[in-house]
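Number of protein chains: 2
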Amino acid sequence: MLSKAKIKFVKSLQIKKYRKQEQCFVVEGAKSVLELLNSDFEVVMVAATAEFLAKASLQGVADVIESTPAELAGIGGFQTNETALAVGKMKPNSSFAVAEDEFALVLDDIRDPGNLGTIIRTADWYGIQKIIASEETADFYNSKVITSTMGSFARVHLFYTPLSEYFQDSSHRVFGAYLKGQDVHTIDFGKGGLILIGNESRGISAGLEKFVTDKITIPRYGEAESLNAAIATAVICDNLKRGW
Amino acid sequence: MLSKAKIKFVKSLQIKKYRKQEQCFVVEGAKSVLELLNSDFEVVMVAATAEFLAKASLQGVADVIESTPAELAGIGGFQTNETALAVGKMKPNSSFAVAEDEFALVLDDIRDPGNLGTIIRTADWYGIQKIIASEETADFYNSKVITSTMGSFARVHLFYTPLSEYFQDSSHRVFGAYLKGQDVHTIDFGKGGLILIGNESRGISAGLEKFVTDKITIPRYGEAESLNAAIATAVICDNLKRGW
Numbered sequence: 001m002l003s004k005a006k007i008k009f010v011k012s013l014q015i016k017k018y019r020k021q022e023q024c025f026v027v028e029g030a031k032s033v034l035e036l037l038n039s040d041f042e043v044v045m046v047a048a049t050a051e052f053l054a055k056a057s058l059q060g061v062a063d064v065i066e067s068t069p070a071e072l073a074g075i076g077g078f079q080t081n082e083t084a085l086a087v088g089k090m091k092p093n094s095s096f097a098v099a100e101d102e103f104a105l106v107l108d109d110i111r112d113p114g115n116l117g118t119i120i121r122t123a124d125w126y127g128i129q130k131i132i133a134s135e136e137t138a139d140f141y142n143s144k145v146i147t148s149t150m151g152s153f154a155r156v157h158l159f160y161t162p163l164s165e166y167f168q169d170s171s172h173r174v175f176g177a178y179l180k181g182q183d184v185h186t187i188d189f190g191k192g193g194l195i196l197i198g199n200e201s202r203g204i205s206a207g208l209e210k211f212v213t214d215k216i217t218i219p220r221y222g223e224a225e226s227l228n229a230a231i232a233t234a235v236i237c238d239n240l241k242r243g244w
Numbered sequence: 001m002l003s004k005a006k007i008k009f010v011k012s013l014q015i016k017k018y019r020k021q022e023q024c025f026v027v028e029g030a031k032s033v034l035e036l037l038n039s040d041f042e043v044v045m046v047a048a049t050a051e052f053l054a055k056a057s058l059q060g061v062a063d064v065i066e067s068t069p070a071e072l073a074g075i076g077g078f079q080t081n082e083t084a085l086a087v088g089k090m091k092p093n094s095s096f097a098v099a100e101d102e103f104a105l106v107l108d109d110i111r112d113p114g115n116l117g118t119i120i121r122t123a124d125w126y127g128i129q130k131i132i133a134s135e136e137t138a139d140f141y142n143s144k145v146i147t148s149t150m151g152s153f154a155r156v157h158l159f160y161t162p163l164s165e166y167f168q169d170s171s172h173r174v175f176g177a178y179l180k181g182q183d184v185h186t187i188d189f190g191k192g193g194l195i196l197i198g199n200e201s202r203g204i205s206a207g208l209e210k211f212v213t214d215k216i217t218i219p220r221y222g223e224a225e226s227l228n229a230a231i232a233t234a235v236i237c238d239n240l241k242r243g244w
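Taken in order, these protein sequences are the chains called X and Z.
The first sequence: position 164 = 164 (the numbering used here), numbered continuously.
The second sequence: position 126 = 126 (the numbering used here), numbered continuously.
In case anyone wonders, no lab produced these hints; they're calculated from the structure.
Check each hint, because a few of them may be wrong.
A pair holds if it fits inside one copy or across any two, identical chains being indistinguishable in the list.
[Stated by the list, open to error] DSS-like mimics (lysine-lysine), calculated; alpha carbons at most 25 Å apart, straight line:
#1 Lys-31 x Lys-180
#2 Lys-20 x Lys-144
#3 Lys-241 x Lys-180
#4 Lys-215 x Lys-241
Construct the entire structure; sequences and hints are all you get.
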């Protein structure tokens with residue numbers, strides 16, 4: 001059974017300040033908890049039904065709590081979860097190298113957690129495991145982000161950093177979506193580079209335009225003024241991968 | 001100024017039952033309200049700042065109310081709207097013909113309003129103006145759907161109907177995404193047909209599989225198990241349009 005203190009602890013992690021303080025985050029739902037258990041994240045706690053616990057690999061988990069569906073439904077941020085919930089240890093915000101023959105995403109203030117989660121899931125589908133994000137981008141460890149990734153949070157690495165400085169130190173091609181650029185259906189993306197995705201409302205920051213080496217455009221056949229940021233990411237990824 | 005009765009009326013339209021009763025729906029935000037005013041929807045009410053009203057074309061609007069940003073922020077479902085809000089008249093749920101050389105989407109229980117709105121916006125970008133939806137699909141007139149379409153609600157027609165019956169009466173090719181199907185990068189989509197998009201959790205209903213004439217697959221280059229429904233729609237649309 002979940003104690004009052006643990007329920008309070010899990011609920012506190014819905015708030016970024018407490019996640020930062022505790023260096024912990026919540027994972028909800030059977031599929032996402034299984035992905036967490038199979039990942040290299042340290043797992044602090046698993047609360048789940050007896051049925052789930054019987055099948056899960058719980059080695060190294062400090063605190064395993066058998067819980068009823070009703071208890072689980074009440075504790076998380078999502079009402080539909082009645083099977084499993086876990087608390088993982090956050091990883092440090094550490095940089096990584098992007099190889100010359102590798103693609104990575106760069107997110108310029110993607111503020112909507114659902115969009116960020118969907119972008120992470122899409123990147124994972126297309127074999128892109130590295131994402132560089134501005135500090136104004138939604139928090140990777142937000143419950144809605146984690147849930148929207150559908151488990152891909154365990155495979156995709158995200159590094160928060162000021163983007164101007166990042167681009168200054170980079171020698172990669174930078175692809176950025178603009179209204180007038182090269183058609184993504186015909187451009188040669190080459191073997192690697194950075195795909196810069198602009199903010200949901202204002203697109204790519206004016207201050208970052210000078211770092212874009214290749215302006216690209218997703219052809220429009222109808223009337224909508226723009227595409228959702230996660231949708232644009234997917235269409236670009238599909239086009240750059242098909243060329244391989 | 002917005003009267004208490006009008007605030008109550010607008011707020012009631014957040015609930016489907018009252019939308020149905022009043023045959024009215026809410027549109028929030030400057031861009032979406034402008035799209036509504038430029039559409040063939042009947043506009044019952046516009047509440048907006050003096051600045052917005054001075055620029056908008058309000059011919060035929062029964063009720064125009066000058067409002068302060070604070071009033072507008074308090075009334076809608078989205079806190080960021082401080083400029084304009086409108087009430088439109090719902091259109092009847094009427095069917096339409098899909099031509100032989102036209103593509104339309106068919107939605108099999110897309111339950112998430114954000115996904116439905118994003119699908120409508122994406123369809124509009126790709127020049128697809130007709131969507132057939134199962135009756136379990138989210139309500140087109142839900143505020144979150146309308147907002148997520150970013151104005152495309154005014155151009156894309158959605159018809160709710162039981163899908164089995166619809167397919168029985170149709171002679172179109174039906175493309176459906178499965179794990180093992182023809183690669184969307186190489187399949188010939190031809191000149192027209194129906195693109196069937198499955199539910200977020202369970203994909204395409206088992207009962208509809210017999211109507212699918214062409215099983216298709218979005219190639220995967222990484223590890224994610226699936227793509228978000230709106231993302232899959234976009235990738236399919238991008239591939240079928242590039243062939244034209």
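A quick look at each hint next to the structure:
{"no.": "1", "hint": "Lys-31 x Lys-180", "in the structure": "between (41 Å within a copy, 22 Å between copies)"}
{"no.": "2", "hint": "Lys-20 x Lys-144", "in the structure": "within (16 Å within a copy, 31 Å between copies)"}
{"no.": "3", "hint": "Lys-241 x Lys-180", "in the structure": "both (22 Å within a copy, 19 Å between copies)"}
{"no.": "4", "hint": "Lys-215 x Lys-241", "in the structure": "both (18 Å within a copy, 21 Å between copies)"}
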